[in-house]
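Q: Residue numbers (numbering that gives the first Met the number 0), protein chains in the order written: chain A, 0 to 696; chain B, 0 to 555.
No lab work stands behind these hints: they were computed from the structure.
A virtual CB, placed ideally from N, CA and C, is assigned to each residue, including glycine.
Worth double-checking, as some hints may not be accurate.
As the list claims (entries may be wrong) - Heads up, simulated DSBU-like pairs for lysine-lysine below, C-alpha to C-alpha not over 35 Å straight-line:
hint	chain 1	residue 1	chain 2	residue 2
1	B	Lys372	A	Lys79
2	A	Lys572	A	Lys468
3	A	Lys572	B	Lys372
4	A	Lys45	A	Lys572
5	A	Lys79	A	Lys45
As the list claims (entries may be wrong) - Selected chain B positions facing chain A (Cβ under 8 Å, derived; list incomplete):
hint	residue
6	Leu114
7	Ala221
8	Leu413
9	Glu420
10	Glu431
11	Leu432
12	Gly477
To be verified - Per the computed footprint, the stretches of chain B lying under chain A, defined by three or more beta-carbons under 8 Å from a beta-carbon of chain A, are:
hint	segment
13	316-328
14	332-343
15	403-409
16	538-544
Here's the letter readout for the chains.
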Amino acid sequence: MSRRIGTDIGGTFTDVAVIDTAGVGIFKAPSTPADPIIGLRNALAKAAAARGLALEELLADCAVFVHGTTIATNVLLEGKGACVGLLTTAGFRDSLAIRRGRREHPWDHRRPNPPLLVPRWLRLGINERVDKHGVIERPVDPAEVTAASRTFREAGVESVAVCLFNAFLNPGNEREIGRLLRAVLPGIAVTLSTDILPVLGEYERTSTAVVNAYVAPRTSRYLEALSDQLTAARLAAPLLVTQNGGGLAVAREAAARPAALTVSGPAAGAAAAALFGRLIGEQNIISLDMGGTSCDLTLIRDGQAASVDELTIGGYHIAIPSVDVGTVGAGGGTIGWVDPAGLLRMGPRSAGADPGPACYDRGGSEPTSTDAHLVLGRLDPSGFLGGEIPLNAAAACRAIERHVATPLGLDLRRAAAGMLRILNARMASAIRLMTVQRGDDPRRFCLIAAGGAGALHASALARELGIGKVYVPRGAAAYCATGMLEAPRTREYREPLVGPLLGQDPAAITRTLEGMMAHGRAALRGDDAAFGPITVLVSMALRYSGQQGSLPVPVALPLGPGSLEALERSFHKRHAEVFGFERPGDRVEAMEVRLEALRPAPPLALSPAPPSSTRTAVLGAAREAYVDDLESFADTAFYAGGQLSAGHVIAGPAVVAEPASTIAVGAYDQLEVDAYGNYLLTIGVGHPIGAMGGPSR
Amino acid sequence: MTVDPITVAVLQHRLDQLTREMGLVMVRAARSPIFSQAHDFSCFICDARGQMVSQADGIPIHTGSGGFAARAVIRRWEPEIHPDDVFLVNDPYVAGGNHLPDWVVMTPVWLDGELLAFTCIRAHQADIGGGVAGTYNSQATEIFHEGIRIPPVKLYERGRLRRDLLELITLNTRCPDIVTSDVSAMVGAVRVGAQRLAEIGRRLGVAEATRYFAALLDYAEARMRQELAAIPDGTYEAEEVMNNDCFSDRPVRIRMAITVAGSDVTVDFTGTDPQIRAFKNSALANTHSAVYIGLATMVDPDIPHNEGTYRMVTIVAPEGSLVNPRPPAPVTYDTVFPAHDIIHCCWKALAQAVPARAAAGWGKAAFPTSTGKDRNGEEYVMYHWGGASAGGAVKGRDGFEQMGQLISLGGLILPNLEAQEQLYPVRFLHCELRTDSAGAGEYRGGAGVDYALRLEEPAEFSLRGEGLRTPSGFGVLGGRDGAPARITVDPGTPSERQLSQYDIITLPPCVFRLESAGGGGWGDPRRRPREAVLADVRDGILSHEAAQREYGVRVP
């Protein structure tokens, strides 16, 4: 019973990572968007077959089964969610439509905002009021809720969101409405804004509660169906789902908060980065997971994943703390084109998995970055996945010639190299901004490259950013599926606590937190024996008077005399670290207390392999290919990943082809296979960074 | 000599990213919330001649003015521009400023003994002295009432701070400490930018870098010319009338004639009213910015915004007129009004040329600021953003419901009312879309809001009710105007009253209600699908009577 299975449904492929006594196995099957469970079963079937087992045998012996899902995101992006009704305080039902006037692309003023998830006639006001001090000034009149429920029932509402003005100060009226709704609308999902997010800001709470209500019914049906099918296939372990914060929840809990599943898969990138970082002793990591349509970036700093308080998905604002997943529209399918004034552009359109790059020969005729790599001789024409996806070089040449080279008056190879340089410039920009935003310097970081295309770009990106070390997991193509096996079980709780910090009652705060802690412990005690003992992290969100945002500062329990003063000092210090300044004279205000209960996953027993008998490299086949740091074609050694094992060292220029990913090694780089069978790339030190712009010499 | 198209594209990415990086430094280091929350600043790069080559990070109304300030510095200081100098300017009359609150800090980037470029930041200060706190003095009649004027000065001479100069300047503000830290944040941002730009320059070499800067400008010009060439040749005239001059209800006119000849454009303000006594005159740099927004919003939004983009645009702004005043006319409100009016003029003129791209007018703002003391006796300044107006329609979409100012195109985020209740002695009564305020059309304008609060303590209101009395979100191509804004104190009581458009008054505890202006509609309302009209009726955006009157739809 020691097997662990991670499953990640991506836009192109469904990945499965299996870790058991037979070692680590990575399996992929094409995703099946119409019914994602089919693709998942296919990938699991491959995994079982590879171990000579039936699917039921594979699952019966599984102690931890983790799933990263795109269901909530797809429901939202495709507009296929529930018919939602919204209850607000009377007089305040339009914050959802006004959206604080936010526009992601101000200059593009013709682009409409995304469709409203609740029409105005289903946004109903209730005459109630919580005042600015949190006192319930006017309680809820049950008759009004009953009347609203009638309207909802007649309109066919399937899911109701509730967000009352000032409810973050006192959720009493929201809870009362929730109780009444559940009584009069049995079977209808109810989302209270303060259950999801008890923080200041009526717009963000409303938007988040509405997104949650919108995706809830389909998400829970999906998770139920998946759970049933897995149970029928003899899975005994609970189905765990990765949440936006990177932690795991059992499926039925996660189904109640589906807004926290909107970056379910990519958030596992943080755990993956931490896992592989641990193998090489790195605490500061930029993780780059580049697939067919996009590239997900996550940042680990001093061992902690960078997080954000809000996500924007398809223009909808979801204010749930999440792993900061920076998504760049740069993938293997990103399309190159020449704009009307003769500038080469990459994206934002992508050929995705269907029709895919021109070289897939599935009807795509526009040139993609995968076509560029192929033209530059960096991909094995026999294709990916051991020939499952053959590549047609002639089709790639035609596409680039016609859409890029000819319009620009460049030869084919320079056009292809140009496509990659532009894509690299975009990714490098995104990485720089992510680090600089937090006051970091990318040169302090190690780059972990994953996904089918990540390691093709990693050397060039590292050179551009001044990063010296790149790590490529051998299972790079199922990075998140592997990472989620290291993620902890988590439960988060937040309670509003608004007012001047020094005016608070330490004993009352301690009581609140102890209550939250009891809840957290009870929730995690449950049914997953594989996980470690429960630990609890407590923090208080503080800010300077007048600030909009807040900063969490760790709290040690119990609070006693002097504790609040100590918290204030920690806040000043933390503020200086994060924002570069502090204001010791200013009043510090409390906003909320947060508690995270967590049970760590048992560490993965990845054991170092004995080094191979020879430290000299095997010889690769020599072919001509484009080399980034030479900015020209050169003789390049080609290896199949299977040829290389621990201890092998290769000097660039070289290309290593794994079944579902490829590593490009620059002329001045060195590649080493470490004791875990992963690739450690040292970027050419001392060599001047290539001329950024100049035509290749 | 040819340029490599790939290098042009890569350089564009790098410079855009560099200006964003400068912006991040600013947000992290600045003290005033106006930077971290409202993002009222812009970072940009100018070449050695002061041509703005990149401004990816910034608000639209700053787009055209950056080069003016850089060129003013070059004119004043060449040949004494040294490595590690840092310049500071704000004056609209002698230093290419747009209005006094926006200070520009810039530093030269030297490489191999040659001047390569300048990295620059323009940022709205918390206070600059003048007649009222918070930089907007609606009662000013001279620029001297608006705050301290700064010609191009060297704040740092070869890396050495001229502390006495900084002290002189900041002593002329109400909050020297805050302004000093914000200026040092600005200096930090341009220095970081300069280091990074030097790295880029070093890789290319000064000569190549200069050549490629020129290529970026040429590229933007080529894109813009392609767009303009598609607009039929001709002269298109338009007029926008402000219904007041801040002191009386006298109409103030902006006249514009846009002549398109091939891919060249002339924007001629001849016939525009003379400058006025109050602070709604537009400094020349601001007039350029507003025209650029007016043009850029009529073409492909993907075109980069640098000084090449507008090379083919000639602006004729008669001296002494509202759009190019002589000193000492006050100008502080220019980045909002008349910038909004100038953009409207461009839209009205070009609607005749390219009806498919016509944009209806956005409701003008009418919301005040109020100041007073909160319960703790602390001074506050509250912007009543909750009463902001709505956007106009274009073909293909209805107008945005309540939005920030047109000049930010929605780049500015409105605060949550819950946050404002916590900060200020007010209690909100309601803030909902306003029935029948949206201009009718095949695509309707955005609806304004009905915003009301109870004032818990007396407060001094700085009234800036530009959008009151007459419609401001104009309709196009048969679309109707949005409703004008209306302000009422103590509605429905014996003491119910209206307020003047521009004034500074003290209000006792009372109910303050602002119904904000609606956006204009696009196209004939009779062409709006019946279901869409009925949906607006069901949603309470449209009354039964208005559905019948404006759209000819009888509601069953």
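Q: With reference to the structure, classify each hint as holding or not holding.
A: Hints versus structure:
{"no.": "1", "hint": "B/Lys372 / A/Lys79", "result": "violated (50 Å)"}
{"no.": "2", "hint": "A/Lys572 / A/Lys468", "result": "holds (32 Å)"}
{"no.": "3", "hint": "A/Lys572 / B/Lys372", "result": "holds (30 Å)"}
{"no.": "4", "hint": "A/Lys45 / A/Lys572", "result": "violated (52 Å)"}
{"no.": "5", "hint": "A/Lys79 / A/Lys45", "result": "holds (31 Å)"}
{"no.": "6", "hint": "Leu114", "result": "violated (20 Å)"}
{"no.": "7", "hint": "Ala221", "result": "holds (4 Å)"}
{"no.": "8", "hint": "Leu413", "result": "holds (5 Å)"}
{"no.": "9", "hint": "Glu420", "result": "holds (5 Å)"}
{"no.": "10", "hint": "Glu431", "result": "holds (5 Å)"}
{"no.": "11", "hint": "Leu432", "result": "holds (5 Å)"}
{"no.": "12", "hint": "Gly477", "result": "violated (19 Å)"}
{"no.": "13", "hint": "316-328", "result": "violated (count 0)"}
{"no.": "14", "hint": "332-343", "result": "violated (count 0)"}
{"no.": "15", "hint": "403-409", "result": "holds (count 4)"}
{"no.": "16", "hint": "538-544", "result": "holds (count 3)"}
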